[in-house]
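A.B. asks: Okay, here's what each chain looks like letter by letter:
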Amino acid sequence: MTANLMKNEVVAARGVKLAFGAVKALDGVDLVIRAGECVGLVGHNGAGKSTIVNVINGGLSPQEGVVSYGGETSGHGIATARASGVRCVFQELSLCPNLTVNENVRIMHPDLKGWNWRSRALELVKKQLQEIFPGHGIDCDSTVDDLSIAERQMVEIAISFAGFVVPPKLVILDEPTSSLDAGLAAQMMAYIRRFVADGGAVLLISHILGEILSTADRIVVMKDGRVVADRLASEMNARSLVEAMGNVVREQEYQRSGIARSSSPVLSMPPRRGRGLAFEAYRGEIVGLAGLGGHGQTETLLDLYLSRNGNWWPTPRDELAFVAGDRSLNGTFPLWSILKNLTIASLQELSSRTFIDNARENRLGLGWKNRIEIRTPDLENRILSLSGGNQQKVLFARALATTARTVLMDDPMRGVDVGTKQEVYEILRSEAASGRSFIWYSTEMDEIRLCDRVYVFREGAIVAELAGEAVTEKNVLAASFSAGEAA
Amino acid sequence: MKLSSSAVRLIIPAASLAVLLAAVFYMQPRAMSYTGLNLLFNLAVPIALATVAQMVIMAVNDLDLSMGTFVSFCACVTATFLQASPGTGILIFLGAIAAYAAMGVIIYVRELPAIVVTLGMSFVWGGLAVLILPSPGGTAPGWARWLMTSKPPFVPMAIVASVVIALATHFLIMRSSFGVLIRGAGGNVRSVERAGWSVVKVRAAAYALAGFFAVLSGIALVGLTTSADANIALRYTLLSIAGVILGGGEFVGGKISPIGAVIGALTLALAGSFLSFMRISPDWQIGAQGAILIVVLAMRLFLNRLEKREKSR
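Chain order of the listed sequences is A and B.
With numbering that gives the first Met the number 0, letter number 326 in the first sequence gets 325, and the count goes up by one each step, no holes.
With numbering that gives the first Met the number 0, letter number 57 in the second sequence gets 56, and the count goes up by one each step, no holes.
A portion of the hints provided could be inaccurate.
As the list claims (entries may be wrong) - Derived list of chain B stretches under chain A, where covered just means 3 residues or more per stretch with a C-beta under 8 Å from a C-beta of chain A:
| id | stretch |
| --- | --- |
| 1 | 92-103 |
| 2 | 187-194 |
| 3 | 244-254 |
To be clear, the hints were calculated from the coordinates, so they are not data collected in a lab.
Every residue, glycine too, gets a C-beta built ideally from N, C-alpha and C.
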């Protein structure tokens with residue numbers, strides 16, 4: 000029995016300990032993945048999920064404990080892991096944007112040698128894309144730069160699942176659906192089930208608990224660098240999962256502020272391209288922009304922003320603040336400290352006679368650090384020393400610290416853990432109550448349900464407006480998919 | 000018709016070269032001949048080689064500020080050692096290429112800014128060049144002289160050489176797996192690393208390749224001028240960077256175009272002749288050359304915007 004189990008092991012990490020300075024990232028983790036199963040891995044941001052993934056794929060060496068591939072303990076490193084059939088799709092997109100799709104295949108598959116590798120690579124990725132996302136419509140000859148963020152993620156997933164000489168034995172997916180809409184995510188999950196049924200193994204990391212519960216066979220819950228639960232998925236539900244992660248489930252009360260529309264809107268926009276409904280936002284409102292991903296929500300936010308701020312010239316007073324969705328692209332200043340990242344938008348208020356008042360800056364930083372619980376010993380640390388969720392909190396604080404009365408948010412919760420989300424929701428509520436307006440594009444239904452009023456987008460235009468009790472998953476979905484259309 | 004973004008990247012450099020060439024022919028119809036073309040583009044060949052070398056460095060997100068002094072150094076070695084005792088000359092060149100590879104490794108491993116390291120190295124190369132050839136002089140090796148002054152039928156040597164350089168580097172950088180790796184290291188180092196490649200080797204190879212092209216540039220230059228001087232190619236540093244950018248390359252992200260880079264070098268060489276034909280005094284020529292650069296780059300920016308707008312539609 001044990002021998003048989005050992006043989007089926009694809010990867011086993013036993014008693015792995017790893018510390019970065021004083022921070023114990025992994026504190027004795029046991030994680031065994033066998034062929035033919037999909038293991039779901041959940042946990043808070045900073046629970047050690049990414050670290051254990053990096054240990055398994057060979058990027059980090061454990062200070063204690065062993066990692067074995069297929070029962071063999073000899074050797075460790077990226078090359079060993081890859082030779083054992085371990086592939087990884089990372090949370091942040093990791094294709095080379097300047098190369099074409101087939102050139103990226105060449106990079107990801109070093110064994111694709113010899114003449115004519117271009118056409119073979121193209122064939123490989125086309126076949127795999129067709130298998131995972133039927134009807135994808137991606138032009139595989141184009142450079143990755145020219146693809147949308149969802150298409151890039153699809154390509155990366157396809158490249159990782161593609162087997163050139165040998166099919167991969169274990170594919171690690173870190174938030175694979177963070178940029179995919181519901182339909183593509185469902186195709187993805189269906190493919191994972193087929194892949195697992197054929198004897199492959201998948202390690203699935205996701206903050207969308209429904210995805211994990213419906214797709215994984217076994218769920219591993221991590222907390223503070225340890226595995227705190229390892230049970231069959233059928234024995235768990237969303238509630239028990241969240242409890243295991245250590246978050247108290249807060250009953251969400253949908254207390255929508257009944258705003259009297261007597262005042263004039265703080266922001267408005269005529270229908271986009273002459274189609275659909277006009278956009279309006281009132282004081283103290285949280286307005287949601289819903290619909291399938293990439294149907295004009297981000298463009299609307301940008302248009303709204305540019306309607307009040309010049310493209311080039313600084314405006315004397317800022318009425319709008321923007322929270323970016325793509326942190327690394329247009330959110331953080333990676334070389335700067337947390338404090339500088341936080342205060343960059345409010346420097347005008349912080350300075351007297353064009354000089355920045357350091358004391359005031361520090362006060363502002365500390366105030367926000369305590370208010371939204373940025374988990375860092377020192378605000379002078381670099382922003383990249385924070386986990387993704389905490390970086391996002393800093394970006395929120397940057398927008399909220401300004402005097403702007405309206406905040407635009409471009410799907411900012413992408414890849415943020417449940418606990419952080421709840422904290423941010425709370426802040427949004429209280430800020431809205433004090434008269435701030437929020438315009439919030441989100442791909443997650445739970446967030447849309449928090450909004451006072453929701454505009455649903457389809458094909459670049461607003462097709463429906465839902466308010467108050469009408470904001471339900473059913474109504475939003477119904478409006479996102481037009482009748483009789485296969486979306 | 001849908002154009003790939005790399006094809007769009009080539010439109011502006013090709014068009015600007017054509018416009019300049021047409022203007023030169025209009026002002027000086029006699030340039031429209033075998034000898035005329037050869038004279039116009041002769042000095043472009045070493046510039047094109049130096050531009051290609053710079054382009055390889057820029058493909059891995061670095062910038063080489065020692066290109067001019069290194070080409071001068073290579074020219075001095077060509078006019079002395081390579082001519083007198085070819086064995087020693089070749090050994091020196093191999094050592095120089097190895098130094099380039101080591102430079103690439105050190106910049107990556109020690110996480111140093113390439114600009115600082117290459118700026119420092121530029122003094123080293125400059126000093127070595129003065130040591131080898133304290134005063135202008137030396138002689139070009141016979142074969143280099145023969146190669147640069149040979150007269151193939153119908154098409155002048157300068158054009159043949161440019162086309163060969165463009166095609167060879169296009170194949171090497173844009174089509175081969177090796178080129179994909181170099182550009183991949185410029186586009187996203189982490190993904191190249193995670194796929195199990197050695198970034199150190201890739202960068203060493205890229206720098207060595209750049210060194211190789213720079214050596215060729217020095218040899219070609221001496222083949223044209225017949226003698227060398229420690230300061231012969233100082234302006235190549237900025238010319239090569241301008242050539243890469245003019246040809247559609249970008250400073251970061253591994254976005255480069257070898258054919259564009261060669262066209263960019265030709266355009267820069269032609270711009271000088273064009274201004275002389277315009278009878279613009281040498282005092283103003285550098286400024287006018289800068290103006291040409293700004294106009295071309297502004298056009299490219301405009302085209303990029305158009306493309307972006309089209310995409311969002």
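A.B. asks: Hint numbers the structure violates, sorted upward?
C.D. replies: 1
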